[in-house]
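*Asks:* Sequence:
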Amino acid sequence: MTSYKILVIDDEPQIHTFMRISLVAEGFEYLGADSIQSAKQIMEQNPPHLLILDLGLPDGDGMDLLNFVRATSHTPILILTARDEEEEKIRLLEAGANDYLSKPFGIRELIARVKVLLRDLVNTHLPADILETRDIKLEISTNQAWFQGAPLALTKKEFAFLRMLITTPDKLVMQEVLLANIWGVTHTRDSHYLRILVSQLRKKLQDNANEQRVIKTEPGLGYRLLSDS
Numbered sequence: 006m007t008s009y010k011i012l013v014i015d016d017e018p019q020i021h022t023f024m025r026i027s028l029v030a031e032g033f034e035y036l037g038a039d040s041i042q043s044a045k046q047i048m049e050q051n052p053p054h055l056l057i058l059d060l061g062l063p064d065g066d067g068m069d070l071l072n073f074v075r076a077t078s079h080t081p082i083l084i085l086t087a088r089d090e091e092e093e094k095i096r097l098l099e100a101g102a103n104d105y106l107s108k109p110f111g112i113r114e115l116i117a118r119v120k121v122l123l124r125d126l127v128n129t130h131l132p133a134d135i136l137e138t139r140d141i142k143l144e145i146s147t148n149q150a151w152f153q154g155a156p157l158a159l160t161k162k163e164f165a166f167l168r169m170l171i172t173t174p175d176k177l178v179m180q181e182v183l184l185a186n187i188w189g190v191t192h193t194r195d196s197h198y199l200r201i202l203v204s205q206l207r208k209k210l211q212d213n214a215n216e217q218r219v220i221k222t223e224p225g226l227g228y229r230l231l232s233d234s
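Position in the sequence shown (first residue = 1) + 5 = my numbering.
Since the hints were made in silico from the structure, they are not lab data. The C-beta atom is built at its ideal place from N, Cα and C for all residues, glycine as well. Errors might be hidden in some of the hints.
Said to hold, decoys possible - The list that follows gives simulated cross-link-like pairs (lysine-lysine, BS3-like), each with its CA atoms no further than 27 Å apart: (1) Lys176 - Lys142; (2) Lys162 - Lys209; (3) Lys176 - Lys221.
To be verified - Taking CB as the label site, the calculated pair distances span: (4) Ile135 - Asp175: 18 to 28 Å; (5) Lys10 - Ser232: 33 to 43 Å; (6) Asp233 - Pro52: 27 to 37 Å; (7) Asn215 - Gly189: 30 to 40 Å; (8) Gly189 - Thr222: 14 to 24 Å; (9) Leu231 - Ser78: 22 to 32 Å.
Please build the complete structure, drawing on both the sequences and the hints.
*Replies:* Here it is in structure tokens:
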């Protein structure tokens, strides 16, 4: 277990103190963040195997970070929440959380849940190398792409953009999530980068900007890849 990195995202210093002591004692590598922004920076520089995420953070709702992670990753996420309503828990699970603990909680239960999530991670099959929807096919290991059966020449950023959209066809991917994952967390407001990239992709995918049969633009929000013509 010594190689597993666990990122704890909480703005309460005392939570970090006993979490660090407890997790390190169990042989885990502890990473700590006290905000969404600092968590994103850590994930970019030192990707964790599991996230323990508090919902109440100083720079936003933890749900925003949950959505950010789930746009491109299956990293297990354990939510810490003081919100004990059933509807809230259902919302968290539907958004992609793997498990949750209501505050206050016991450290033994936390450790047990962490071990279960990591056991599931070990037993999970490798992610699919081929992603396919409609006329688009991506091979992740080689960064190759095809459109209507013919090879499709893509830049690294174009490939990354399509990869993010193709994993959740018909669902909106927020422009901030796209920008952070493709260009980095310091570019979440540079929406013109996306407009230029999408314009070039439309030409390659024979997607008229007025009809938008492949890539649907949601002005001011983000983009979705349409699964049906």
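*Asks:* Decide, hint by hint, whether the structure agrees.
*Replies:* Here's how the hints hold up against the structure:
no.	hint	result
1	Lys176 - Lys142	18 Å, holds
2	Lys162 - Lys209	14 Å, holds
3	Lys176 - Lys221	10 Å, holds
4	Ile135 - Asp175: 18 to 28 Å	19 Å, holds
5	Lys10 - Ser232: 33 to 43 Å	35 Å, holds
6	Asp233 - Pro52: 27 to 37 Å	34 Å, holds
7	Asn215 - Gly189: 30 to 40 Å	32 Å, holds
8	Gly189 - Thr222: 14 to 24 Å	22 Å, holds
9	Leu231 - Ser78: 22 to 32 Å	23 Å, holds
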